[in-house]
Amino acid sequence: MSDRRVPVRAGLFDADGDGTVTLLGSRCRACGRASFPRAEVCPYCGSADLEPVRLSPTGTLWGWTTVHAAPPGYEGPVPFGFGVVELPEGVRVITRLETVDVPDLAFGMPMRAELAPLSENEDGDTVVTYTFAPA
Amino acid sequence: MSDAVHIAGVGIHPFGRFPDRTVTDLGVAAVRAALDDAGDPRFDAAFCGTAYAGVAAGHKVLSALARTGMPIVNIEAGCASGAAALRLGAEAIAAGQHDTVLVYGIEKMPKGIIRSTFFEPWREEAGLAATPAYFALRAQRLQREAGVTDEQLARVVVKNRRHGVHNPDAMFRKETTVEEVLGSRIVCEPLRLFMLCSPNEGAAAVVLRRKASGDSAPVRLAGVALRSHLPGSVLGEATPLSGVDDRDIPPPTTLAARDAYAAAGVEAADVDVVECQDTDAARELLSYEELGLCEPGEQGALLDGGATTLGGQQPVNPSGGLLSKGEPLGASALGQVVELTRQLRGTAGARQVDGARVALAHTVGRGANASVTILTR
Chain S
0 MSDRRVPVRA
10 GLFDADGDGT
20 VTLLGSRCRA
30 CGRASFPRAE
40 VCPYCGSADL
50 EPVRLSPTGT
60 LWGWTTVHAA
70 PPGYEGPVPF
80 GFGVVELPEG
90 VRVITRLETV
100 DVPDLAFGMP
110 MRAELAPLSE
120 NEDGDTVVTY
130 TFAPA
Chain E
0 MSDAVHIAGV
10 GIHPFGRFPD
20 RTVTDLGVAA
30 VRAALDDAGD
40 PRFDAAFCGT
50 AYAGVAAGHK
60 VLSALARTGM
70 PIVNIEAGCA
80 SGAAALRLGA
90 EAIAAGQHDT
100 VLVYGIEKMP
110 KGIIRSTFFE
120 PWREEAGLAA
130 TPAYFALRAQ
140 RLQREAGVTD
150 EQLARVVVKN
160 RRHGVHNPDA
170 MFRKETTVEE
180 VLGSRIVCEP
190 LRLFMLCSPN
200 EGAAAVVLRR
210 KASGDSAPVR
220 LAGVALRSHL
230 PGSVLGEATP
240 LSGVDDRDIP
250 PPTTLAARDA
260 YAAAGVEAAD
270 VDVVECQDTD
280 AARELLSYEE
290 LGLCEPGEQG
300 ALLDGGATTL
310 GGQQPVNPSG
320 GLLSKGEPLG
330 ASALGQVVEL
340 TRQLRGTAGA
350 RQVDGARVAL
360 AHTVGRGANA
370 SVTILTR
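First to last, the sequence lines map onto chains S and E.
Counting in numbering that gives the first Met the number 0, the first sequence runs from 0 upward without gaps.
Counting in numbering that gives the first Met the number 0, the second sequence runs from 0 upward without gaps.
Hint data in this document are derived by calculation from the structure and do not stem from the laboratory.
Each hint should be verified, as a subset may be incorrect.
What the hints assert, rightly or not - Pairs of lysine to any residue residues, derived as SDA-like cross-links and limited to a Cα-Cα distance of at most 25 Å, are as follows:
#1 E/K110 x S/H67
#2 E/K173 x E/L87
#3 E/K210 x E/G38
#4 E/K110 x S/R111
#5 E/K210 x E/D98
#6 E/K173 x E/P109
#7 E/K110 x S/T57
#8 E/K110 x E/E124
#9 E/K173 x E/D149
#10 E/K110 x S/G75
#11 E/K110 x S/A68
#12 E/K110 x S/P71
#13 E/K110 x S/P76
#14 E/K173 x E/D39
#15 E/K110 x S/E113
#16 E/K210 x E/P18
#17 E/K173 x E/K59
#18 E/K110 x S/A69
#19 E/K59 x E/E119
#20 E/K173 x E/G310
#21 E/K173 x E/K210
#22 E/K210 x E/G354
#23 E/K210 x E/T99
#24 E/K173 x E/R350
#25 E/K110 x E/R20
#26 E/K210 x E/S115
#27 E/K59 x E/S115
#28 E/K173 x E/L192
#29 E/K110 x S/V77
#30 E/K110 x E/I185
Claimed, not checked - Some but not every residue of chain S turned toward chain E, in silico, with C-beta under 8 Å:
#31 R28
#32 G31
#33 R32
#34 Y43
#35 G75
#36 F81
To be verified - If you anchor each label on the Cβ, the simulated ranges turn out as follows:
#37 E/G68 x S/A68: 21 to 27 Å
#38 E/S115 x S/A9: 20 to 26 Å
#39 S/P133 x E/R143: 16 to 22 Å
#40 E/R143 x S/R53: 27 to 33 Å
Backbone N, C-alpha and C fix where the C-beta goes; we use that ideal spot for every residue, glycine too.
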């Protein structure tokens with residue numbers, strides 16, 4: 000694999016040089032709710048009056064499990080953690096989790112966004128996605 | 000539509016795996032059985048539910064039976080596809096458009112986790128489209144918020160598999176035990192292999208007919224409701240990438256149940272027998288609350304008290320449920336209607352709920368789609 004990392008989908012997240020991973024969302028000026036991923040129309044009220052926001056890189060664990068067998072269309076490592084992290088903006092985000100050891104996890108524990116390598120693409124770049132790990 | 004639409008005939012092709020039969024073959028068997036049961040082969044329109052059978056799949060079934068010429072409509076609504084077809088058929092009769100409508104559902108699913116064009120490819124690539132993981136997170140939430148235990152999840156499986164022993168149309172007809180369920184392979188904590196239904200193959204058909212004066216003790220289609228989700232729940236069947244606090248957002252099953260109870264003029268307490276979506280063991284317990292069979296947090300007690308077991312106050316899934324039958328998506332909802340029609344006719348044999356007069360069928364799944372159908376006698 001090369002050192003180059005490419006996101007599994009453009010526009011989902013930013014990664015700073017210091018390792019901070021930020022999910023890119025929207026906030027609706029009409030209903031006030033934040034959402035992820037970034038959208039042109041608020042998924043809750045339908046308003047198009049949205050502003051882009053950078054969501055908090057830390058949150059709390061709201062749900063977790065482990066995926067033991069690769070689901071269809073997935074070629075990354077298994078097992079992998081899967082769950083929901085609640086961000087301070089009130090957004091509950093579906094995410095991979097860096098911990099597969101279920102007993103180590105607890106409802107409400109602090110979590111921080113990171114990058115997870117998934118696979119190597121045709122150019123030898125590492126395809127990455129967002130994930131959360133205990134902070 | 001409380002008096003207008005009767006169930007004139009039902010038919011089913013067993014749910015299971017049939018490597019030597021096409022999905023058309025399965026449909027032909029179910030439709031022939033339903034038309035025979037109705038005692039009259041004529042119908043004015045046909046609605047076919049399927050999610051995976053491809054273009055004009057319903058037409059292929061009726062072509063094989065040399066029964067075409069009428070309008071044939073193919074319908075996809077995820078796990079509720081058969082119920083969506085039923086609703087369109089029932090409304091066509093209620094609206095005066097047709098007198099007799101054939102409704103059928105057909106499916107031949109691949110083994111294992113259901114692959115769906117529903118998800119964008121990147122989401123599959125990132126591991127964020129693992130369907131059983133969503134089931135597991137819902138189960139975990141139910142455990143956290145309602146105090147449901149692993150053993151209670153196992154007991155849902157034990158109950159339904161015990162019911163399924165008596166159903167010749169089910170795929171699994173062998174009893175299991177709590178120990179065996181809890182000893183089966185972990186799929187996604189807290190769900191184990193035996194707690195998940197198997198996607199499989201099958202077909203079911205129903206003939207709907209406008210009420211006629213000569214009908215004696217007919218089974219009536221008293222209400223059939225189809226709803227989609229409201230936005231907000233991160234663990235809802237719409238499987239969004241994010242959500243918000245969903246405490247005040249009713250799930251689609253609750254929306255459909257309210258509509259169906261209102262249409263039928265009955266309440267949850269009036270229901271004698273239920274067939275509900277037990278895609279996994281936790282999904283059945285969630286349905287208890289969403290259908291109004293119990294208060295939030297009481298599902299474990301309802302199960303433990305035996306109310307939902309055959310012989311109890313409101314037996315749930317006397318057919319064995321999807322945990323025994325497997326889930327052929329398009330046929331699933333109509334398979335429930337076949338079972339409940341037999342229950343109301345009093346012909347369900349060892350599975351019979353004595354004196355059943357009000358029956359409820361429920362599906363929920365991808366979309367989100369949820370259906371609640373109420374039959375009365």
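Hints and how they fare:
no.	hint	result
1	E/K110 x S/H67	17 Å, holds
2	E/K173 x E/L87	36 Å, violated
3	E/K210 x E/G38	15 Å, holds
4	E/K110 x S/R111	37 Å, violated
5	E/K210 x E/D98	9 Å, holds
6	E/K173 x E/P109	23 Å, holds
7	E/K110 x S/T57	39 Å, violated
8	E/K110 x E/E124	20 Å, holds
9	E/K173 x E/D149	21 Å, holds
10	E/K110 x S/G75	21 Å, holds
11	E/K110 x S/A68	14 Å, holds
12	E/K110 x S/P71	11 Å, holds
13	E/K110 x S/P76	22 Å, holds
14	E/K173 x E/D39	37 Å, violated
15	E/K110 x S/E113	34 Å, violated
16	E/K210 x E/P18	40 Å, violated
17	E/K173 x E/K59	35 Å, violated
18	E/K110 x S/A69	14 Å, holds
19	E/K59 x E/E119	30 Å, violated
20	E/K173 x E/G310	19 Å, holds
21	E/K173 x E/K210	40 Å, violated
22	E/K210 x E/G354	23 Å, holds
23	E/K210 x E/T99	10 Å, holds
24	E/K173 x E/R350	15 Å, holds
25	E/K110 x E/R20	16 Å, holds
26	E/K210 x E/S115	39 Å, violated
27	E/K59 x E/S115	23 Å, holds
28	E/K173 x E/L192	15 Å, holds
29	E/K110 x S/V77	20 Å, holds
30	E/K110 x E/I185	18 Å, holds
31	R28	16 Å, violated
32	G31	11 Å, violated
33	R32	6 Å, holds
34	Y43	5 Å, holds
35	G75	6 Å, holds
36	F81	4 Å, holds
37	E/G68 x S/A68: 21 to 27 Å	47 Å, violated
38	E/S115 x S/A9: 20 to 26 Å	23 Å, holds
39	S/P133 x E/R143: 16 to 22 Å	18 Å, holds
40	E/R143 x S/R53: 27 to 33 Å	30 Å, holds
The structure fails hints 2, 4, 7, 14, 15, 16, 17, 19, 21, 26, 31, 32, 37 (numbered hints given earlier, in ascending order).
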